[in-house]
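Protein chains: 2
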Amino acid sequence: MFKIRMLVSAIALTGSLSVMAAEALPTTAPAPADNPTTAEKVELGKMLYHDPRLSSTGTVSCASCHNTMLGGEDNRPNSMGVNGQTGGRSAPTVWNAAFNKVQFWDGRADSLEAQAAGPVTNPIEMGMKSWDDVVARLKTIEGYQAAFEKAFGKDAISKDNATKAIAAYERTLITPNSAYDKYVKGDKSAMNEQQVRGMNKAVELGCTSCHSGPAFNGPGMFQKFPMHPNGYFEAQYHFKKDKGLAEVTKKADDEHMFKVPTLRNVALTAPYFHNGSVPTLDKAVKLMAKLQLGKDLSDEDTADIVAFLNALTGEFPKQTMPTLPGTPGSTFN
Amino acid sequence: MFKIRMLVSAIALTGSLSVMAAEALPTTAPAPADNPTTAEKVELGKMLYHDPRLSSTGTVSCASCHNTMLGGEDNRPNSMGVNGQTGGRSAPTVWNAAFNKVQFWDGRADSLEAQAAGPVTNPIEMGMKSWDDVVARLKTIEGYQAAFEKAFGKDAISKDNATKAIAAYERTLITPNSAYDKYVKGDKSAMNEQQVRGMNKAVELGCTSCHSGPAFNGPGMFQKFPMHPNGYFEAQYHFKKDKGLAEVTKKADDEHMFKVPTLRNVALTAPYFHNGSVPTLDKAVKLMAKLQLGKDLSDEDTADIVAFLNALTGEFPKQTMPTLPGTPGSTFN
Numbered sequence: 001m002f003k004i005r006m007l008v009s010a011i012a013l014t015g016s017l018s019v020m021a022a023e024a025l026p027t028t029a030p031a032p033a034d035n036p037t038t039a040e041k042v043e044l045g046k047m048l049y050h051d052p053r054l055s056s057t058g059t060v061s062c063a064s065c066h067n068t069m070l071g072g073e074d075n076r077p078n079s080m081g082v083n084g085q086t087g088g089r090s091a092p093t094v095w096n097a098a099f100n101k102v103q104f105w106d107g108r109a110d111s112l113e114a115q116a117a118g119p120v121t122n123p124i125e126m127g128m129k130s131w132d133d134v135v136a137r138l139k140t141i142e143g144y145q146a147a148f149e150k151a152f153g154k155d156a157i158s159k160d161n162a163t164k165a166i167a168a169y170e171r172t173l174i175t176p177n178s179a180y181d182k183y184v185k186g187d188k189s190a191m192n193e194q195q196v197r198g199m200n201k202a203v204e205l206g207c208t209s210c211h212s213g214p215a216f217n218g219p220g221m222f223q224k225f226p227m228h229p230n231g232y233f234e235a236q237y238h239f240k241k242d243k244g245l246a247e248v249t250k251k252a253d254d255e256h257m258f259k260v261p262t263l264r265n266v267a268l269t270a271p272y273f274h275n276g277s278v279p280t281l282d283k284a285v286k287l288m289a290k291l292q293l294g295k296d297l298s299d300e301d302t303a304d305i306v307a308f309l310n311a312l313t314g315e316f317p318k319q320t321m322p323t324l325p326g327t328p329g330s331t332f333n
Numbered sequence: 001m002f003k004i005r006m007l008v009s010a011i012a013l014t015g016s017l018s019v020m021a022a023e024a025l026p027t028t029a030p031a032p033a034d035n036p037t038t039a040e041k042v043e044l045g046k047m048l049y050h051d052p053r054l055s056s057t058g059t060v061s062c063a064s065c066h067n068t069m070l071g072g073e074d075n076r077p078n079s080m081g082v083n084g085q086t087g088g089r090s091a092p093t094v095w096n097a098a099f100n101k102v103q104f105w106d107g108r109a110d111s112l113e114a115q116a117a118g119p120v121t122n123p124i125e126m127g128m129k130s131w132d133d134v135v136a137r138l139k140t141i142e143g144y145q146a147a148f149e150k151a152f153g154k155d156a157i158s159k160d161n162a163t164k165a166i167a168a169y170e171r172t173l174i175t176p177n178s179a180y181d182k183y184v185k186g187d188k189s190a191m192n193e194q195q196v197r198g199m200n201k202a203v204e205l206g207c208t209s210c211h212s213g214p215a216f217n218g219p220g221m222f223q224k225f226p227m228h229p230n231g232y233f234e235a236q237y238h239f240k241k242d243k244g245l246a247e248v249t250k251k252a253d254d255e256h257m258f259k260v261p262t263l264r265n266v267a268l269t270a271p272y273f274h275n276g277s278v279p280t281l282d283k284a285v286k287l288m289a290k291l292q293l294g295k296d297l298s299d300e301d302t303a304d305i306v307a308f309l310n311a312l313t314g315e316f317p318k319q320t321m322p323t324l325p326g327t328p329g330s331t332f333n
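Read top to bottom, the protein sequences are chains A and B.
Residue numbering for the first sequence follows the UniProt record's numbering, beginning at 1 and increasing consecutively.
Residue numbering for the second sequence follows the UniProt record's numbering, beginning at 1 and increasing consecutively.
Just so you know, these hints were derived from the structure itself, not from any lab.
Take the hints with a grain of salt, since some may be wrong.
It does not matter which identical chain is used: a pair holds within one copy or between any two.
Within a straight-line C-alpha distance of at most 27 Å, the following computed DSS-like cross-link-like pairs (lysine-lysine) qualify [stated by the list, open to error]:
1) LYS150 to LYS318
2) LYS318 to LYS139
3) LYS283 to LYS139
Make the full structure from the sequences, and use the hints.
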């Protein structure tokens, strides 16, 4: 699961000028060989993604924390799972997650399929005791029997197929045609002067050394956060409380290593950072410059970069709401 | 607010044969003179209805408990509000609520507009301290400034307009073309023999004395529940713990008085009754016969009536998901 991290290795953060590959966001996402995207899977996945009955209490769906009516998350510092419980991390956006090579803040899942399996049985997220229980519940719902059959064939309700369907749906959650995308495709009027200035400053400063690629997510890259050794702002924001990948691997080398998150639609996903401790985008930009690049950004430079980041807000595809099949009886307490 | 109840007065439950008015569900709902339905209001109302930022924690929207992807409620005995809190009542369906003359189980709201104002500031539901706080929060969101302006004119963000928009949206939540509707419109093949038998038994038994009208909700009618004086099943289901309308009015006459709920889509809204204590529809039918009409229903008669009730499941209109405008910064803890 952590191979990808090894492959990308630690790319040195020099802060020196780097060339930003100016690429528009692709409008489709590649699917793995064992889970080709089909309309039937996407439809089933959309149902499962929005179905709160995948949680122990019947109150929390994937969409509760990764809300596709909003910026793909919940605008909270940390999400609220079943029975009002909260964890320590801020929900990453689901929009364009298909372009991440690893998922979760600590990158512990190497595919959307693997990610989708996690929250359902996490006791403070969706709280199901086991996937066997999820499968058993889905099997009691006739409409799901039919939808799984359409997507995968007869008697196909399983953890594997449920997570495949959810991943197939998530691969459709792409937000193209941002001002930036139009700009790089040749429409030089799509970004205003301040946004162009902010883009150039982001490159000069070194932001795009890590936030690289069309999704500005350095796909597959992990970085230490915070990088700066002297612990600026730690008393205020408690960034180091969370050891990142090391929470999973228990290895010293992985301490405070986090997946590089996408900057697409970042203007819609306040509050910021892995623990959601920073309420606004201008503060987040200043902190990143100081903590990762050792630079003190002026208010003017910060405003320019924020203007550019707003140019990364894409077009949200119009979705129809799924009609979820009926529950035969009460299953929740 | 309680005038309507006085007007309809207590219609005697005789259990004798009553004529069922065979009417299909209307496809549009009337709007009050001061809130004519417009496309702009409906669009704004749909946004507000699905926006969890109308709750203190940013986790609970109207749709959380009255889920339009499901049968208009949450399939729970009682709903779960902010911070995992639960109350004592089961969420009524929002589908066809436009045809209720009063809202809430205790009928304390005489319009959809009045109902919409309630849960937002209920401490165990959406938990906002006041509507002033809601309005202040909405005003920070640029997209809402624009959407309210489109629907109501300049600087129009207010409690009154927010609840009007939500009510306008709810008036579009109608599920026509059930098997029963097709049947009463002349397609005698739309219901099978068992369903027709069940319909006739429901009339003979007296179910439709109260569950009358095209929405089977005896519009505006209150009834005592449970009616039977000797407290059958009370130890098991605790129906009498909730004093119904008397919880609001504190009048002895209003004790255990509840609004007659719709039977439309009842097959999708388990568990049943005001406290959600009865898990399945067949049990609910048997209990109603015993408690309200003093009759012991056979398994066969019960199965026939359940088959008929399934014929009241309508067609759910395809809805597009609203795109909710972005939050400028973190507002939740």
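Going through the hints against the structure:
1. LYS150 to LYS318: Both. Shortest intra-copy (24 Å) and inter-copy (20 Å) distances satisfy the 27 Å Cα cut-off.
2. LYS318 to LYS139: Between copies only: 25 Å across chains, 30 Å inside a chain, cut-off 27 Å.
3. LYS283 to LYS139: For LYS283 and LYS139, only the inter-copy Cα distance (22 Å) is at most 27 Å; the intra-copy one is 48 Å.
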